[in-house]
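Those protein sequences? They're chains A and B, same order as listed.
Under our numbering, residues 20 to 258 are what the first sequence spells out, in order.
Under our numbering, residues 20 to 258 are what the second sequence spells out, in order.
Just so you know, these hints were derived from the structure itself, not from any lab.
Accuracy of the hints is not assured; some may be wrong.
[What the hints assert, rightly or not] Computed footprint of chain B on chain A, listed as stretches where at least three residues anywhere in the stretch have a Cβ under 8 Å from a Cβ of chain B:
(1) 113–124
(2) 152–158
(3) 231–240
(4) 243–253
[Stated by the list, open to error] Here are the simulated lysine to aspartate or glutamate pairs, EDC-like style, with alpha carbons at most 20 Å apart:
(5) A/Lys-67 with B/Glu-235
(6) B/Lys-67 with B/Asp-57
(7) B/Lys-67 with A/Glu-235
(8) A/Lys-67 with A/Asp-57
(9) B/Lys-128 with B/Glu-46
(10) B/Lys-67 with B/Asp-92
[Claimed, not checked] Computed spacing ranges between beta-carbons, pair by pair:
(11) B/Gly-51 with A/Glu-218: 26 to 32 Å
(12) A/Glu-218 with B/Ser-132: 47 to 53 Å
(13) B/Pro-193 with A/Pro-64: 21 to 27 Å
(14) B/Arg-146 with A/Arg-198: 37 to 43 Å
(15) A/Val-47 with B/Glu-37: 40 to 46 Å
(16) A/Val-47 with B/Ala-168: 24 to 30 Å
(17) A/Glu-46 with B/Asn-21: 41 to 47 Å
Here the structure is a predicted model, which means the values were calculated and not measured.
Virtual Cβ for every residue (Gly too), placed ideally from N, Cα, C.
Each chain is listed here by its residues.
Number of protein chains: 2
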Amino acid sequence: MNLILFDPAELDRPLLREDARARHLLEVLRCGAGVRFDAGVVNGPRGKGWITGEDATGLRLAFEWGAPPPPIDPIDLILGLPRPQTARRLLRELASLGVRRMDFVRTEKGEPSYAGSRLWSTGEWRRHLRDGVEQAFCTRLPAVEWGRALPEAVGGAPAGGIRLALDNYEAVVPLSRWRPEGWEGVRLAIGGERGWSGEERDLLRAAGYCLVGLGERVLRQETAALAAVVMVKVRLGWI
Amino acid sequence: MNLILFDPAELDRPLLREDARARHLLEVLRCGAGVRFDAGVVNGPRGKGWITGEDATGLRLAFEWGAPPPPIDPIDLILGLPRPQTARRLLRELASLGVRRMDFVRTEKGEPSYAGSRLWSTGEWRRHLRDGVEQAFCTRLPAVEWGRALPEAVGGAPAGGIRLALDNYEAVVPLSRWRPEGWEGVRLAIGGERGWSGEERDLLRAAGYCLVGLGERVLRQETAALAAVVMVKVRLGWI
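Chain A extracted, bound-state conformation:
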């Protein structure tokens, strides 16, 4: 945790002792009364916080807020639903790299049971997303959705913007040499562990997605997703 995030509604309440953030302040940062730590409001400003007092139930905190971080890069991802362990990594690391949205979708070759994981049903996913944003010293949480079918996710796309889909088999251009036109944002689709079906490729092409590749080497979904986001950011001058 490079920065500790708070929801706006939490700012006026004491921070309960059993909250992981309270333990982090007391046990890892060893923040005595008045010592400043880096804090942020979810989707709001960054600033400093400090402990003004404590009692049996929790810590009283005060804050001083500065400017909000720059707007989030408009990269919206469609990701074939991964196994939960991979999803945890993607949530954390893509939130660290900075994307606007992650839409985890059901695909034909995907494993349908992944959408029923406790990662999603218990809300555990929020913790990984927040970890990634805190690591990156940012306050802006990507929007996350899961369990929709690919056609819905593709159909709901706003008009305009760049649309790319990673594909090992029918890519027409390497992503690294792709030249962007149109800047409202990038929608990038990345298949699940077994990739796209033929029908899904047709659907993506019909929805205006250009099939792009990452070169000769075949990468796991988690490696491919990070590599693709980095390439898009480099191309658009966002990193």
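Go by the hints and put chain B onto chain A.
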């Protein structure tokens, strides 16, 4: 396993049933006699293999070899020794992305006990490296070393080539905007989880390393290493 790797010395011997590759062939790929699977010789050609017979102890295999994969990209990494769980990921994913060498070094802010992990002493690291290369459909294993101190690793560098060190605090240029000169190869140094000490920065600069950054967002070592390798490859047209 997209491709199954064999050491040259293994090609004339039966593959033991308890070998993970035999189990993969029989249980995952369900390769009956004569059915072809993708195979490779470590640091040698790719081709096809098939089962010609089996008995109680193992499988007899035959092979037909084609061309070797292209030479490995000359990217040599110096990595501050990570905690073992991070090292497993780095070994696998950097081998998938394709680098020539990984030198895991002791640094001043690093945790010395990481060098004593069973990951290194038992040779378990080889499995992760091989997994990554097999995933990428390649045969070339990166060279790996661990436990040296940073000054030794920096001192042993051959003359010439590009030298870069990632640094969050004293970077002089973003890696994404770095323009390469000199093409014999790239040496890229990435600190451990707590980064470089002031003395290490001086050492790196004296050894000709340019301190480069990855932008405003602070990334974990594992995310930073993958992002940096992708950027170098894009810049040099290797991906």
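Here is how each hint holds up against the structure:
| no. | hint | verdict |
| --- | --- | --- |
| 1 | 113–124 | holds (count 3) |
| 2 | 152–158 | holds (count 4) |
| 3 | 231–240 | holds (count 7) |
| 4 | 243–253 | holds (count 6) |
| 5 | A/Lys-67 with B/Glu-235 | holds, 18 Å |
| 6 | B/Lys-67 with B/Asp-57 | holds, 5 Å |
| 7 | B/Lys-67 with A/Glu-235 | holds, 18 Å |
| 8 | A/Lys-67 with A/Asp-57 | holds, 5 Å |
| 9 | B/Lys-128 with B/Glu-46 | violated, 46 Å |
| 10 | B/Lys-67 with B/Asp-92 | violated, 25 Å |
| 11 | B/Gly-51 with A/Glu-218: 26 to 32 Å | holds, 30 Å |
| 12 | A/Glu-218 with B/Ser-132: 47 to 53 Å | holds, 52 Å |
| 13 | B/Pro-193 with A/Pro-64: 21 to 27 Å | holds, 25 Å |
| 14 | B/Arg-146 with A/Arg-198: 37 to 43 Å | holds, 40 Å |
| 15 | A/Val-47 with B/Glu-37: 40 to 46 Å | holds, 44 Å |
| 16 | A/Val-47 with B/Ala-168: 24 to 30 Å | holds, 28 Å |
| 17 | A/Glu-46 with B/Asn-21: 41 to 47 Å | holds, 44 Å |
Hints 9 and 10, counting from the list given before, are not met by this structure.
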